[in-house]
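If you read the sequences in order, they're chains U, Y, W and X. Just so we're aligned: the first sequence equals residues 1 to 141 in UniProt numbering. Just so we're aligned: the second sequence equals residues 1 to 141 in UniProt numbering. Just so we're aligned: the third sequence equals residues 1 to 141 in UniProt numbering. Just so we're aligned: the fourth sequence equals residues 1 to 141 in UniProt numbering.
Source of the hints: derived by calculation from the structure; they are not laboratory data. Among these hints, one or two may not hold up.
If several chains are the same, the list does not tell them apart, and a pair holds so long as it fits within one copy or across any two.
In silico SDA-like pairs for lysine to any residue, Cα to Cα no more than 25 Å straight-line [claimed, not checked]:
no.	residue 1	residue 2
1	K26	G36
2	K26	I11
3	K94	A18
4	K94	G107
5	K26	L66
6	K94	G24
7	K105	G24
8	K26	I111
9	K26	E54
10	K94	R21
11	K26	M84
12	K94	A134
13	K26	T5
14	K105	Q80
15	K105	Y82
16	K94	G136
17	K26	Y91
18	K26	D46
19	K105	M84
20	K94	Q80
21	K26	A79
Protein chains: 4
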Amino acid sequence: MTEITHQQAEIILRETLAKGREMGLKPLSVVVLDAGGHPKAFLREDGASPGRFEIARGKAYGAVMLGMGGRAQMARAEAQAYFMAAVNGAYGGKVIPVPGGLLVKDGDTVIGAVGVTGDTSDNDAEAGIAGIEAAGLTPEP
Amino acid sequence: MTEITHQQAEIILRETLAKGREMGLKPLSVVVLDAGGHPKAFLREDGASPGRFEIARGKAYGAVMLGMGGRAQMARAEAQAYFMAAVNGAYGGKVIPVPGGLLVKDGDTVIGAVGVTGDTSDNDAEAGIAGIEAAGLTPEP
Amino acid sequence: MTEITHQQAEIILRETLAKGREMGLKPLSVVVLDAGGHPKAFLREDGASPGRFEIARGKAYGAVMLGMGGRAQMARAEAQAYFMAAVNGAYGGKVIPVPGGLLVKDGDTVIGAVGVTGDTSDNDAEAGIAGIEAAGLTPEP
Amino acid sequence: MTEITHQQAEIILRETLAKGREMGLKPLSVVVLDAGGHPKAFLREDGASPGRFEIARGKAYGAVMLGMGGRAQMARAEAQAYFMAAVNGAYGGKVIPVPGGLLVKDGDTVIGAVGVTGDTSDNDAEAGIAGIEAAGLTPEP
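Based on the sequences and whatever the hints tell you, model everything.
Here you go:
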């Protein structure tokens, strides 16, 4: 089984944060989850508010559990808010259905997900895409 | 180390309640949280309903955890209701995203938050701002 | 109905902390709950660890909900641990059954409870008793 | 302001894992929490079981919230099991009271905590101590 590695996760964290600094974003927090939705790596930059782990994980958790990126989740939430609310109840309230939640694929296989938070959702997603690509993997926003 | 002190918290409680009486508000409840969202001080005036601790804490908790005051949270909730609902799930249902939740800053550093409840949200916020300023600190509504 | 007042609560906080300082105790945290188990007032001294609200409330909450002080709860927990564990499940995990949880009586009527934490359970209780008596009320440890 | 930094957290992760490899330990997982108990950084080595984030955080969370290291918590749990069980209920079940939970001090000030899991509790603690010291900070086991 192809599983996201410790080394890939470290590259994703480092390069997502580097992209954020290059773009001039606010302090970011980045989580990498494995294909089961469990934390593999996390980093919160200085100056980010204390509750950022839950937001980053929420973006990535929904991606893994539903098999769809944050942008697709947001579209569903806007079309049918009660459905995503109900899904969230089923997942213990851990899902944040907005951009910045990114599936991580190795070829066609989902091997994990990344959640980025701190700036606008679109900027969060852009930084995360750069991080995933720097690790030689394929993001699905 | 810059951390909200016991003495600052007592001033904030006393002066927020004094402002509320001066404004002729209904009985108020006021909580002071530290920069990690943990209660430092609380007072509920006679005549306030019994569940006011949770409301006061909810206003202040979201402020600390997200790094934004209650007025900014309310704007986000009105623009994208499902997002704030999801955030609240991620924080165990402890967030009340309305005015009356105020970040407390010492210069540029967030050292805690204040939550006020009992009258209208706008009046709650006005009383809390007076309390924070009386302690020589800077409120962010 | 006799209900603990805002003013009595403030006296209890102030005098419990004064007693702690007189006894040379570690930094204390003190909560006052009303007769329904809901927070009326709380203060955490500088230097106390951040999680002290939950411990203080847990000591006082069990006292109010069960109508017995922390010392009596501890005796029950030591005689029949599974019973107090089950009670705690029924109360959402909010009970800490040790000394430092004190019923507050006005004559024969329970009007609230006090929870003190920070030093040994026995010292916590001694400080709380002094605070309740200073308010002209009767503690039940 | 004294707060654990992103850079200190990265040193702690890297050096704790390096110590684990030097000692020949099983795959480790390491979390760094800030002084409010909120995740700052986390890494889980390849081969560690998926649920290690919760164990690592549980060891560190109790340390921060109670202001005592895992070894002291374990002593209390062994002397008075129902007390630590009750404390855990009050903290939403997030406390794991065993060695490997380490307070992080800068001089006398608690600035965070580290949780290490994967090998025996004593080995976990030894690796974490090395990581904290490598960052120029003081561990309290």
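Violated hints - listed by number, lowest first: The structure conflicts with hints 3, 4, 6, 10, 12, 14, 15, 16, although it agrees with all the remaining ones.
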